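J.: These protein sequences, in sequence, are chains A and B. Residue 677 in numbering that gives the first Met the number 0 is what sits at position 678 of the first sequence, and the numbering runs on without skipping anything. Residue 699 in numbering that gives the first Met the number 0 is what sits at position 700 of the second sequence, and the numbering runs on without skipping anything.
Simulated from the structure, these hints should not be mistaken for lab results. Treat the hints with care, since some could be wrong.
Because identical chains share one entry, a pair is satisfied inside a single copy or across any pair of copies.
[What the hints assert, rightly or not] Mimicking DSBU-like on lysine-lysine, the simulated pairs with C-alpha atoms at most 30 Å apart in a straight line are:
#  : residue 1 : residue 2
1  : 51        : 63
2  : 570       : 192
3  : 63        : 349
4  : 252       : 192
5  : 513       : 191
6  : 1         : 70
7  : 610       : 115
8  : 349       : 610
9  : 70        : 349
10 : 131       : 18
On a predicted model such as this, the values are computed, not experimentally measured, just so you know.
There are 2 protein chains.
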Amino acid sequence: MKRIFDIDAWKVLAHDLPKEDKRLQESMTSIGNEYMGMRGMFEETYSGDSHKGIYLGGVWFPDKTRVGWWKNGYPDYFGKAINAVDFVSLDIKINGQSVDLAVDSFTDYQVCLDMKEGVLYRSYVVTKGAAKVKISFERFVSAAFKELYANRIYFENLSAAPVELEVTSFIDANVFNEDANYDQQFWQVLAKKANQEEIALKAQTIANPFGVPQFTTLMTAEHHTDLAVQTAKESDKAVSLTLAGQLAAGESKVFEKRVIVVTSRDYEDANRLDAAASDLLAKQSQQSFDTLKAAQVAAWAKRWAKADVVIEGDDEAQQGIRFNLFQLFSTYYGQDARLNIGPKGFTGEKYGGATYWDTEAFAVPLFLSVADPEVSKTLLQYRHNQLPGAYHNAGQQDLAGALYPMVTFNGIECHNEWEITFEEIHRNGSIAYAIYNYTRYTGDESYVTGDGFDVLVGIARFWADRVHYSKRHDAYMMHGVTGPNEYENNINNNWYTNFLAKWCLTYTDQIADKVSEAKRDEHGLSSQERSKWRDIVAKFYLPEDEELGIFVQHDGFLDKDLTPVAELDPKHLPLNQNWSWDRILRSPYIKQADVLQGIYYFIDDFSQEAKKRNFEFYEPLTVHESSLSPSIHSILAADLQMEDKAVEMYARTARLDLDNYNNDTEDGLHITSMTGSWLSIVQGFAGMRVREGRLHFAPFVPQSWNGYQFHINFRGRLLLVSVAKEGSKIDLLEGDDLTIVLDGQEVILSN
Amino acid sequence: MKRIFDIDAWKVLAHDLPKEDKRLQESMTSIGNEYMGMRGMFEETYSGDSHKGIYLGGVWFPDKTRVGWWKNGYPDYFGKAINAVDFVSLDIKINGQSVDLAVDSFTDYQVCLDMKEGVLYRSYVVTKGAAKVKISFERFVSAAFKELYANRIYFENLSAAPVELEVTSFIDANVFNEDANYDQQFWQVLAKKANQEEIALKAQTIANPFGVPQFTTLMTAEHHTDLAVQTAKESDKAVSLTLAGQLAAGESKVFEKRVIVVTSRDYEDANRLDAAASDLLAKQSQQSFDTLKAAQVAAWAKRWAKADVVIEGDDEAQQGIRFNLFQLFSTYYGQDARLNIGPKGFTGEKYGGATYWDTEAFAVPLFLSVADPEVSKTLLQYRHNQLPGAYHNAGQQDLAGALYPMVTFNGIECHNEWEITFEEIHRNGSIAYAIYNYTRYTGDESYVTGDGFDVLVGIARFWADRVHYSKRHDAYMMHGVTGPNEYENNINNNWYTNFLAKWCLTYTDQIADKVSEAKRDEHGLSSQERSKWRDIVAKFYLPEDEELGIFVQHDGFLDKDLTPVAELDPKHLPLNQNWSWDRILRSPYIKQADVLQGIYYFIDDFSQEAKKRNFEFYEPLTVHESSLSPSIHSILAADLQMEDKAVEMYARTARLDLDNYNNDTEDGLHITSMTGSWLSIVQGFAGMRVREGRLHFAPFVPQSWNGYQFHINFRGRLLLVSVAKEGSKIDLLEGDDLTIVLDGQEVILSN
């Protein structure tokens, strides 16, 4: 744990520039608007260790798969989010010398990510020789105007003598990915422009042999400033404009850089990018920075009104939950059905790819409650759009139906570990579960009987082909899988995977009754095929242990040495940093909820006794070395009225990045696991469930809190749920009357 | 299958230059003398597709491990046999134009690898304009003078007019590995010399960050010829000498190139290489080519006298077995304890590394019988020398004791697939088995109670730490292994691995009684530790199925869909080219003997009924997609008197490369599996066993053969075993009287 920010309800605030933790500070001050985003690196020159990262949603490069030993079925490429052409960098010169905090003397440093506004502020007083200048930065990528990056800088001369100020503004295609395999550059410059009015650079991703479309981006910058234009310059891979002026003692000057970013993702004809950029530039050019910023603040206010969570009596928890929601919304807010939620969002390069099963398992339930249903539906639609890729992936494994990828940008699998790519197929179950979850929550059956059914049929057919019949057991089994617990690979009959596969077959068969005959015919879905599904369901092998009264993680699990984590010498933890992979695989230690993930999905379908036995068996073996693990345990513990355990697990998820728990936040934020703290509060502490179309709550308040409030969007209503030690209250803020169930009692809510 | 050579008892002979199969012809005409070797590429210029490959035993480069996803325990580098500085290439000009069979007209092409002599011959008549010249090549690397490569060429002018002949002889460091990751060159030139007397080039492998010593090699060439020296030349990475002369009509001239190859492997002080090369050069300089060649032929005659196998009535089989022995001996003849038997020997680059468990499992039993015991002992000693590496490897997996590597040059594991590197640990069992096998065969206990004991203790300690105790079963188990059947990975309780591990513990404990107290103390081997071993042995879990009466390959095997190979549509075969890895892993199909490998190792320890039940259960599920598979099945089938099956399996191993069965011989020969045909004949057809210090035979003759003869070296005797349809005869060629058992009857053999 490393806390380098102040505790503040709405701000990520620091008064220090810890040079050894510069990357961590950058990660934590990332901003984004789904369309694009960036780490909190400085605009101005910084010669110390830093990770400059600017990313555009859905702009990527297919990097050739490199493995020591090829295995049939491996994908041809690994999709990599690439660092965009740099439109942020500036060089600031005072009396001819570049400001560079890595070497300069400075005081009054402050950085502040205002989560309420969605604006990043930074300021300091720098001394260059006799000159002393206060520099104050503001920047945002607009939630109201997606193509706009806005940056304003105030310079105030604090010295007695005049100061010569010079600012050079760049657009620079000379960028690298830190995770590039061979120091490859992914951008080639197509066109450059640099004049007094604007600088612009058009670039295209380099060619690839995989038929993946090349992306073209155009960045155009204009500058609003008291400074005077000096020189516009084009170099090999960059353009720049230098502006300058004199600051008298005590005088202030302002500099604004506004960049319009357009890409070929939005314009089929890449030649239209120039005109589009001009239009967009013109659209904002006459507006003041303050007007543009007000629109940004208003957009965020609207989001917060739907989603804010207030925690009374625990400012750390308060900051944690808001930070998580802020970064999650910065990454994704459902505005583009072609996008998804990458595990690091716009805050780093690790993991490549944009889309993991995290989205369906962890993000959909949150977006269902904190945003309009369209946001979640857009996430479902994303998978429908990528159904051809899923069929391709199944075909790569010689299997029928659709296999959704572990990692992808375009539906085609792009991960290349056989034990994950070929085996961690439970992901298919979560894709189906998200459809079920959406339908249950919204009451809207139009998706599941429409496009959703296409997805379900593809998934059901995959499972029906992936099982095999074991004569000896007169049962259908599933060998060679990796469950959510990636600390075991290539196991047989993972209970979670089998359970989900069985459920998928049943659910698809049920939905097949509800869809039109035309829809069934479209898929050639015969009664024979459905009866085969039912046969598989009837004989689906699910490992259980009667003596222990538990579902068994997989066939061999109980043969392990089942020493609980608590009996390990703590020096071994985290296992993934201290043990060989071999030792981890053979151990009983569970990276993240596996059997318990299945119980969580269908939490109302198991008896409290069964849930308790499984929780008490598996939780002591769980090391929670995935950031996705604690929240599921928190919710189940709350369900089992193990409140202390629920709070303990919550604590592991709420400030994961703010306190750098895993000591890796310098690489970027854990975006998808940011849902965990919200899920823990709402589904855990407040016990929110949807049962037969009704919202249920059964709240409690953690000991150390005074109370908490959160917003819930449900079927056209906006609710404010207020939980205090003395009791809970639910207000209907918007929408028609609604009957809910609170602590087992029906309550009618009126506006 | 593709046969591009004539059937001949002693020769690999072709009268064609099939340009599309040039690489295949090169592989098949490889020569070697353990110290160095080369593919059969041409000396002269050839502009068509070809793979120039020259390798020096034990000269390698540690190539940085590249994997998509790092796993704790992976080795830092992959050891790669690197293409040596090219000392073979020549350019031959006739009337100023280079001879190049890729484009020139030629007739009377013939290439002949004489396996009796160990000499490669080649000749043709080439037409260049009006000139017509017969060129005849001979070359060998000397089995009698390891540093010597000798090359003689006769030029005969068949045209009516005189012909200008020019030969340029190179030593060229500008070489690549075909399997290099990034077109990297591994040699840097240290020194060059080119004058009328000799040309020489000293080169060093490039630096590496792994502490692996860099190798320095020095090639020095002198030329004996009727041609006159023209120019000596040094270029950036090469040296050359050009010689020329005129051939009158009908006139012949001779050109000889002799190269001395010395390396820093043999001279601790690399500065001594020059003096060493001078000495060696001088040593042979006064000898004629014919004298040098006679020494080569004599050395091979000696080998053949000890090892030849004669097959009567089947010339294809005859050629097959001699080719296999020839290439095996070319790769390894036990002259350097630091060397081992790479799967492709000096014939290609695939697989990297020099040493696999193939050596102990397949090569040691052969060398025991066809060479002096020192050859096998040298192979054992190799592993003893690498014991520190084996301890390192176990440590990499957080385990005690010694884990011999899957692939190595220096004892340090250099393979990087977790399912192999971390899991295919049965290899450790074969290392111990080879010690047992040597001891049983030779009757010499000095190794096993000396250095061998060090190896056994390391291995036993590994197994004792690698098992875990399963409370539920009150048994020791071994999870997470890959057996010899690499078509299953990460399985639990592989019968073969468990059986071998259990045997290792028992055997080491037995030997511990025989070694000195000092030796036990040296290892700190206490009675407590040995009693722990005995406890593990007593409770070692071995999966068996009572109903089927078989040993079970691993815990989950019988739950599979056990459809036999014969019921598969043949279009699916070979599986490794037609199925996804996922499908292969989940299938019941066995790449190579697994349970049956264990039964083979201890063939006398199981009842015929047990052997039969296991053979009949597993063989129909086996696809033999490893070249190491058929021979084990052949031997077991012969043991079970299933003669047809034994012959069928033999046929799959005997001419694997000669007929290019697997369609991959262009990459190089399958050196280690070449033992298989010999094992099938001797241990299979002739039923050779060693029981309580006595040789046993129980021979039969395959239907299509008239008979066969082979040599056996056993405890100071040389036997000739002659098997004919009418009966078998065993002659003692050398050594004292010996009692053997033939078809169950004791026979006393006298010289």
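J.: When the structure is checked against the list of hints, which entries are broken? Sort them ascending.
T.: The structure breaks hints 2, 5, 7, 8; every other hint is satisfied.
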